[in-house]
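Number of protein chains: 2
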Amino acid sequence: MAEKSGHYLDRMFHPESIAIVGASATNPESGWIGQLRDFGYKGKIYPINPNATEILGLKAYPSVRDIPDTVEYAIFNIPARFTLQAMADCVAKGVKFVHVYTAGFSEIGTPEAKQLEAQLVEIARQGGIRMLGPNCMGIYCPESGMTFNPDFSKEKGHVAFVSQSGAESMRLVFLAQDVGISFSKVISYGNAIDLDAPDFLEYLADDKDTKIIACYIEGIHDGPRFLAAIKQCLTKKPVLVLKAGLTESGAGAAASHTASLAGSKSVWEAFFRQTGALAAYTMDEVADIVQGLLRMKEPRGRRVAVVGRGGGIGVIAADICERAGLKVPPFAKETRQKLTAIIPEAGAGVRNPVETTRGLGGAADFYQRGLPIVDEDPETDIILVHMAIDVYGGHTPNLAQITTAAAASLCEKAGSLKKPLAVALFPGGHPDTVLAVTAAREKLTKAGIPVYAGVESASRSINKLVNYYEFIRNRS
Amino acid sequence: MAEKSGHYLDRMFHPESIAIVGASATNPESGWIGQLRDFGYKGKIYPINPNATEILGLKAYPSVRDIPDTVEYAIFNIPARFTLQAMADCVAKGVKFVHVYTAGFSEIGTPEAKQLEAQLVEIARQGGIRMLGPNCMGIYCPESGMTFNPDFSKEKGHVAFVSQSGAESMRLVFLAQDVGISFSKVISYGNAIDLDAPDFLEYLADDKDTKIIACYIEGIHDGPRFLAAIKQCLTKKPVLVLKAGLTESGAGAAASHTASLAGSKSVWEAFFRQTGALAAYTMDEVADIVQGLLRMKEPRGRRVAVVGRGGGIGVIAADICERAGLKVPPFAKETRQKLTAIIPEAGAGVRNPVETTRGLGGAADFYQRGLPIVDEDPETDIILVHMAIDVYGGHTPNLAQITTAAAASLCEKAGSLKKPLAVALFPGGHPDTVLAVTAAREKLTKAGIPVYAGVESASRSINKLVNYYEFIRNRS
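In order, the protein sequences belong to chains U and W.
Each residue of the first sequence is one higher than the last, beginning at 19 in the numbering used here.
Each residue of the second sequence is one higher than the last, beginning at 19 in the numbering used here.
Honestly, the hints are just simulated from the structure, not real lab data.
Warning: the hint list may mix true and false statements.
Identical copies look the same in the list; a pair holds intra-copy or inter-copy alike.
Stated by the list, open to error - Computed list of lysine-lysine pairs in DSSO-like fashion (alpha-carbon distance at most 27 angstroms, straight line):
hint, residue 1, residue 2
1, LYS461, LYS172
2, LYS114, LYS315
3, LYS132, LYS60
4, LYS60, LYS283
5, LYS132, LYS351
6, LYS356, LYS132
Throw the hints in and build the complete structure from the sequences for me.
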């Protein structure tokens, strides 16, 4: 595994050897050893466990010091009170990176725990070790076969996620996987007592495998450096930030979670205004915005053409779009005339929103004949197609096939559209609907079309993209 | 089927006989005839089709006039141009109610269509017929076996829905069915050229089968009467209104959809402020609020105790709650001490939000031992439990069983809690997660616990309930 950019963190994402300090001998398959092996990590793995001689066929050592070869990376999976000795062992061995998975440090708030954490980082710093954590999940890097969850995709992608929360890092990976999006690097970094968000951001700014950077941040230790790192990234690629703890309630929670000082709301609002970083409020929204950035053409304005079956759904969609900051204006007269010619039965449903007729079959037909007309309309900038498959579940024979056919029709036409396209594919509870929606989502996302769970999430995400691109255009 | 309240609309929901004008002879099973028969309608059904002698074993008649017995209710499933004659036939026959399913009237905006609609209602009025529609799905009433969708539940419930949109009425029924909520009456009433929202509201105010009324409204014809009807309902039961077309974009869409004048935003804001009607913006939100009204105890304040696995999820949840209008304050010192005694490993995760430990098993354990402590906390009014099952999907053996066990633990404890309880059960995309979430949701909702798809929807709904109950308390 060769150096990639020469940046020192390359070795953290591609270590040639990993020691697991506190390797489980009782459940090795589901522990770090089994997980790394099964995920395809190709480097050497050294189990450290004083009570075992072999784990999953690998020779176990009492301490990192006892490993005969060099070790680049260690994972601490031991009680907090044993970490000082283990860190000293790693220093002695010349380990470069230590991921302290162990929790029970400054985040629990006691003076003893804070002192322990300070001692731990002091040993690491004195010994030239860069530390990840404590209280974090570590690294997921499909390229090198590193993971902290056996269920993560082995496929390499172009999204990096820098997360102070382990659970949220898992949620984002799964949310993204559900719509076919893969990652370059995910870093769950916890208390950030040594390596911190700016370190990762400075690295990711120049990482050629990373096209989009998303962050979950509770608190930062060095504001100016964080700001500079974000700005550096934003000259090269979009960055979105879920800044947690911006309310009084959330700030208190962040203090408990990762001992973070959340910072003031006005400071962060200024940060977003100045930098052009995209602000997200939930992990679902992060996944939505990432989809838009990866899959939607740059919108030239905020006027949306809404297309779908169901008049009331169209009215609500128009309201939702406008509340999100977009507009659903009437089409040009010529557009309406052309639409009336191909769907006379739509009546007034050609004004925008368009009400497609005759169920999902009518929708499939409209995508072929009507979307090109909508695409030419001079009064709108973006096409939002809604598919309310939930109203068909159960009573429609072969729903999955009909839905897939409708999705296929949309996929076929999507490539020739000049306007950016997004789809709101409502989930449903009926088993038939769930199957049909899953199949359609897969088809649409594989064709590179962004798919959202509803008009609300779609319009919110689109509005943020429009604002982002406006910022970038005005900047340059 | 006896009269229930003596109100004239009782007969519309419980007609002794229905004529289907334009009964399909080619696809009778999936047409109105097959649908009513299969759904369990017990009255007489008369197919009207001049080209058939028998449909699904029922004698067909050329016209309503030719039916030998009395007919209470007719459904028009014929092209618009034939409706005048059919309405005249119904007048001659003494039909009480006509549901004009047919579209192609004022909503298409042409002078001819508007004139046709005016003539149609004139014939009905002169002849003493009350007309539902045109351009609508009609009646769903499980008690009488009437439906406009074969997939609707046959179970009677206590929610009424008055909807100007057919597709949205179907969406709400399915959204509600997914969480085990059934309906008393659903009315899709379209252009509302004769029977209109106030007629249904006046009836539902005194309908003892209806405990909650939800409305989807695009426009109203008689503002003062609508206001009076809503106020009348609100003296007896909660009413929620999704008023579509309150933005410029939405108002234009509503005009196209049901020829409605949407009304000004400020007038409607005043309406909600004065009446205490609950305002919803999406159909998902309508279903969420209905769940809360049916299943959540009246909250005495807006301070939320957040309980769940995942520190970052807790921080984001606290932010979301506060943005929705709620608060997540620290627990009382005594509460924190008691929680630390039972989950010392939670560290600082006992402050609020509570971070439950050791996965779903830890959650199940916490519900038993920890929820009673949270329930006694004097600083919080509501308990919101989040279950991020999506982070376990795939790699957790027997996920559905473990999740169901956690849900069962929560169900068992829920009954003894004094505080209102809500659950945010995140959907996931992994098949294991989907199965586990579905099973858990069924268990929780059957136990009468409101279940939401996320903290965002839960907190938004809870905030509206808190406001509603405050309004009601201050009124009385």
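Evaluated hints:
1. Taking the closest pair of Cα atoms, LYS461 and LYS172 come within 27 angstroms of each other only inside a single copy of the chain (20 angstroms); across copies the shortest separation is 34 angstroms, beyond that limit.
2. Taking the shortest Cα distances, LYS114 and LYS315 never come within 27 angstroms of each other, neither inside one copy (42 angstroms) nor across copies (56 angstroms).
3. With identical chains, the CA atoms of LYS132 and LYS60 are never at most 27 angstroms apart, being 36 angstroms at best within one copy and 74 angstroms at best between copies.
4. When the C-alpha separation of LYS60 and LYS283 is checked against a cutoff of 27 angstroms, the pair qualifies neither within a copy, at 45 angstroms, nor between copies, at 62 angstroms.
5. With identical chains, the CA atoms of LYS132 and LYS351 are at most 27 angstroms apart between copies only, with a shortest distance of 21 angstroms across copies and 68 angstroms within one.
6. Only between protomers do LYS356 and LYS132 lie at most 27 angstroms apart by alpha-carbon distance; the minimum there is 23 angstroms, versus 70 angstroms within a single protomer.
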